[in-house]
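> What follows is the residue order along each chain.
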Amino acid sequence: MSLLSVSNLHASVVTDEGPQPILKGLTLQVNPGEVHAIMGPNGSGKSTLANVLSGRPGYTVDGGTAVLGNDPLLELEPFERAQLGLFLAFQYPVEIPGVSNMEFLKASMDSLARARGEEQPNTATFMKRVRELASSLDLDPAFLKRGVNEGFSGGEKKRNEIMQLLLLDPKLAVLDETDSGLDIDALQTVAEGVNRYRSSDNGVILITHYQRLLDYIVPDFVHVLSNGSIVQSGDKSLALELEAKGYAWLT
Amino acid sequence: MSTSTVDDLVESGSEYHAGFVTDVESETLPPGLDEDVVRYISARKGEPQWLTDWRLKAFASWQEMREPKWAHVHYPPINFQEISYYSAPKSQTDGPRSLDEVDPELLRTYEKLGIPLHEQAALAGVVPDPAAIGTPAGANVAVDVVFDSVSIATTFKENLAEAGVIFCPISEAVHSHPELVQKYLGSVIPQRDNYYAALNSAVFSDGSFVYIPKGVRCPMELSTYFRINERNTGQFERTLIIADEGSHVSYLEGCTAPMRDENQLHAAVVELVALGDAQIKYSTVQNWYPGDENGKGGIYNFVTKRGLCAGPRAKISWTQVETGSAITWKYPSVVLRGDESVGEFYSVALTNNRQQADTGTKMIHMGKNTKSTIVSKGISAGGSENCYRGLVRISPTAQNARNFTQCDSLLIGDQCGAHTFPYIENKNNSATVEHEASTSKVSDDQLFACQQRGIETEQAVSMIVNGFCKEVFRELPMEFAVEAGKLLEVSLEGAVG
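Heads up: the protein sequence lines correspond to chains U and G, in order.
Each residue of the first sequence is one higher than the last, beginning at 1 in the numbering used here.
Each residue of the second sequence is one higher than the last, beginning at 1 in the numbering used here.
By construction, these hints were calculated from the structure, which means they are not laboratory data.
Each residue gets a CB set at the ideal place from its N, CA and C atoms; glycine is no exception.
These stretches of chain G come out as covered by chain U in the derived footprint (C-beta under 8 Å, 3 or more residues):
{"hint": "1", "segment": "450-456"}
{"hint": "2", "segment": "461-470"}
In silico DSBU-like links for lysine-lysine, alpha-carbon gap of 35 Å or less:
{"hint": "3", "chain 1": "U", "residue 1": "145", "chain 2": "G", "residue 2": "470"}
{"hint": "4", "chain 1": "G", "residue 1": "371", "chain 2": "U", "residue 2": "145"}
{"hint": "5", "chain 1": "G", "residue 1": "441", "chain 2": "U", "residue 2": "24"}
{"hint": "6", "chain 1": "U", "residue 1": "157", "chain 2": "G", "residue 2": "441"}
{"hint": "7", "chain 1": "U", "residue 1": "157", "chain 2": "G", "residue 2": "470"}
{"hint": "8", "chain 1": "G", "residue 1": "441", "chain 2": "U", "residue 2": "145"}
{"hint": "9", "chain 1": "U", "residue 1": "106", "chain 2": "U", "residue 2": "145"}
{"hint": "10", "chain 1": "G", "residue 1": "362", "chain 2": "U", "residue 2": "145"}
{"hint": "11", "chain 1": "G", "residue 1": "470", "chain 2": "G", "residue 2": "296"}
{"hint": "12", "chain 1": "G", "residue 1": "441", "chain 2": "G", "residue 2": "470"}
Some, not all, of what chain U presents toward chain G, calculated at C-beta under 8 Å:
{"hint": "13", "residue": "78"}
{"hint": "14", "residue": "82"}
{"hint": "15", "residue": "90"}
{"hint": "16", "residue": "96"}
{"hint": "17", "residue": "108"}
{"hint": "18", "residue": "112"}
{"hint": "19", "residue": "168"}
Pulled out of the complex, with its shape left as it was, chain G reads as follows (with noise of 0.2 Å):
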């Protein structure tokens, strides 16, 4: 652990770290949401009449579904009427044509957040020289802005290009590769498949588009940096990244938002398709806003998030560090179709005060000799409620399927709580599952061990819970590993007394 790390900390107090709203002027559509304010999100985007009327089936559906309740959370019904579907940065209307057009407020924005150097310089569109950064992993990374709902900068496109890597806001793709949207757009989450991937698919605003052609390794790491702008506005941003046959990319999403007192909902999709052969790792470090300490205000994260293993011996990998959000209602998930493809689960799910997540994995095997990996640590502090909830599916085509759960859980002091509800769906007999599930608290024995050697009392329980996490810190690419790391330590103050 370095001491900069342990100095912040003590710095930082235990304000939120991001909470600040950037003054920006946005053009925001009123309260409100009817089939006319899904006609006018796709005028605005200048979309196709096959995704205008895509987006009304999802509205269609969605007025037909109910909230899902059988997550294990609890808050006040939510009013979608008075949710605004439409933000976009004003100074957006014309598009920026280069980053020097963009609005210097946002680009300061980042600067706030404590977006490494070597980003911000991507940001500003020059192209770091590795030397001079000295870690290889942190120099090649590009980073498309999702501010608020429109993109409004993307980086590093002509290096990609010429792999033939498309990484572009999804509202691009639609225009600039309409026939891989339009193939691959709902073909792993279909616009029905539950109450908030319906209300994405009809409203969603933007978001990353990446494509990797045949036998392409993507030659730096694809960074999206989410941030929630707008006041009452819901964030539903839309992802879809496809991995053509042989090819390999490393995506990382990274949020955290302005502090507010209302709640707000995020309802993200993210849908990766990995053809035969094909590897996607995707890791997320979350800080949204959890509310104050008394549950007052933060975000409402109901996100879906699912692979597909459409060919044989793919392989996808999801790695998740969440800290933030008041509630969390989260699965990503890996449909194995292709014949010995690989799913993998790594998550840190960390709450505290009054934050609830319910969070976890769904692994469906249909493939021969499938094989899924899942590793959940939970940790709760303070009076917060964290949940696994994780299920593992083996179909009867799935011959010699294999999976491995480990779930783990820390406590920390005596009003939190945690759950495990695994289910395991099992329908070939020659598959192997296995579940391994353990709950510990962080000890007295253990801290004192450490503050005998004179460290102070956060120190310890942060060094004790990254401990605990390491199994998924060494899965996430470097600069986000150290980043989780600090985000724990942030998100942990005063959960010792």
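Only chain U is shown next, with the shape it has when bound in the complex (with noise of 0.2 Å):
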């Protein structure tokens, strides 16, 4: 059974002049396992594809269907997709002041075990786990007590991202731009809390702009995605072609 399985999708943005159509007719199936990266010139959708997945506001569906499992995604609640298992990596992470990231954590773990029928963490076990993945990741333990994203720098705020997607380990993670902005190092360490992340059991979609994150996070798909739908799809050899010929001989 596939993982996620995303059927000509058909979505609008909002705006002021009425919606506008972004997603025409996208397909994409990602099995237990697999890593998908989903490249394309700007204004192609490959935000819209994350947020449409999440249930941002903002956005209408207007045709097709996204099933996550064996449940259908597009009519749930945000929170309730959340609870399914589907993670999104922000592109921008908002900061939330005065709501310490570590309560912040400890809400969101809570929500999705109660979602789950599951036993609440322990808080001094959580706490613990917390702080290790924090340092692991090279995150002072001291901005846990801060406000999510509060005075975080770029780097800081992917690198919390990539905390939380190793604490709350999701059935499918989607990586929006997670390497917009990113220095080398920074670059490599959240590469490697991607690496860890994966299994046998879950996937990723990875959204870039850039061959070079691909160097670290080695996919098994690539994808092209332009005007809307995805016009070619291949292996890592994909992202190299495009490295060098641009995007102009697909379109």
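Make the complex out of the two chains shown on their own, each in a separate frame, by following the hints.
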């Protein structure tokens, strides 16, 4: 059984001038254990795909389906999709002043556990685990007491996203340009985190502009998104080809 | 955030938690107000002549005064002749000699209100074992209960007496410590200070009296729970707290009222006096019935609270979390008369549905090197209106006075209003006055970030709002901070679609 099955997905972004179609019949299947990289020029619909899958407000679904495991996603509330195991690593993580990272992570863990009928993690064990993860990603444990992403550098925000990925251990991770704005050291740390997360049970959708991330996280499939649908799919070599030739030959 | 609060949120629906009426026989004066009513109240309490005269003088002032109209609130005119000005639980007529004599129905009321167990034990006269309770902060709380108009139970008296602390109903203090009451009553808020203070001075029912002797650090937090429990009965508490030189006291006020259809007037007066080097910390959590979602019912909360830093290096700190009442009109203030005295005001005011709040503070700097801090967090949701109104006055005598004011407003939805009316009167060139203000919305991005981690919408809103209020919450005593967070959660139900 596939982990994620997106079929003929049509979606629009809501603008002041009315809905503007972005995804125009996108089909994608992710099986357990697979990493799919999605590349494509600006405006091709990469981030829209991540947002529509996770249920971000401001988008309308005009047709098609997306199923995670056995659960159709598109009618669900964003928190229900998260509870089913869909994780979005944000391109621009937001700051939530006054809410400490630890408090936020505990609320998240507890919500997920409750929704799945699991026992909520013991606070001491939980905090220990969070601290270990933080230091493994070169995050100063002191940051856990600070507000969510409050005063974080761009790199810290992205590493925080990866820490959450490792902590929450979702079924499917969608990484929306997690590599943007990272220097090479941070990029390696982030990639190392994603590789640690990878297992034969879960899946990753890696949205990126640049081939260089794929040097560290080796994808099973590379797809090129253009004008709202996948125009080309291949393996890692496709990314290298794109690096050399650009997107123009495909669009 | 603990899970139990989340579960409570889910279970509670949108019903007002404390909406029930205790069935206790009451002796209630018929509606109406004239000199005879004032005399009756005074006589009922067996007050000395000076106090009867004091009340009558207040009543005469009140009759000459007009209801204030400058606040940013709207409500139909109040008919003061339709209000009953005295009500006492009947079982009280003979006066309970001990807590065993307290009507069990009243104790059940406190149980329903979710008064923490250790405080119920305190009510039942049991001195709690701190080790058994686990939270040192919660272990030492003395509760003086105002049930309708008469204080029916005062606990921990003996422990306090050992320290020389007087903590009793003001009606009792009038008899047991007449010199203190006569000296300080009205010394901070004169009878004719304002319309509602004058009314209160004429007809005040009961309230707390606290005196901390020189150099004494009060051994426990003092706490009063208020309830309004009689149909159509205005409630006019009068609280007087005196901290003698070099003493410390922390006082907690928590309020909740049963559900009502008609509006109820509440016009309390709280006076604080801190002599030299004394410190008073006064914390309030207020969740009186705010009315239903259409604005029907709810309490009118027109309160005068003021503290006087009478001597050098005195400090008065007000912390309030206000989520209740249909209309709030309240400006806990500090008069900084002593040199180097300090005034603080930390406030969270949350309005939802049709609630209206006009609240803030006044810091009156008179002494040299006086310092005040104002941190106000206003949260508006639904169709509510939330105003901060504050005055910082630097008198010509207040050399090197300093004030820092921070007013932040948070909007939830697009039907509510937030307003800030800061007044600054500076008559001394050496003073420093700073004012910062911000208005923000709970952003869709923040909400989505929480939801994407599995956190449900209402909990997400509550978490974001709690974060916004953190600077104020950390000023609250621990047990109040928990209650305050929970209150915000309940008060915000349904605020986000």
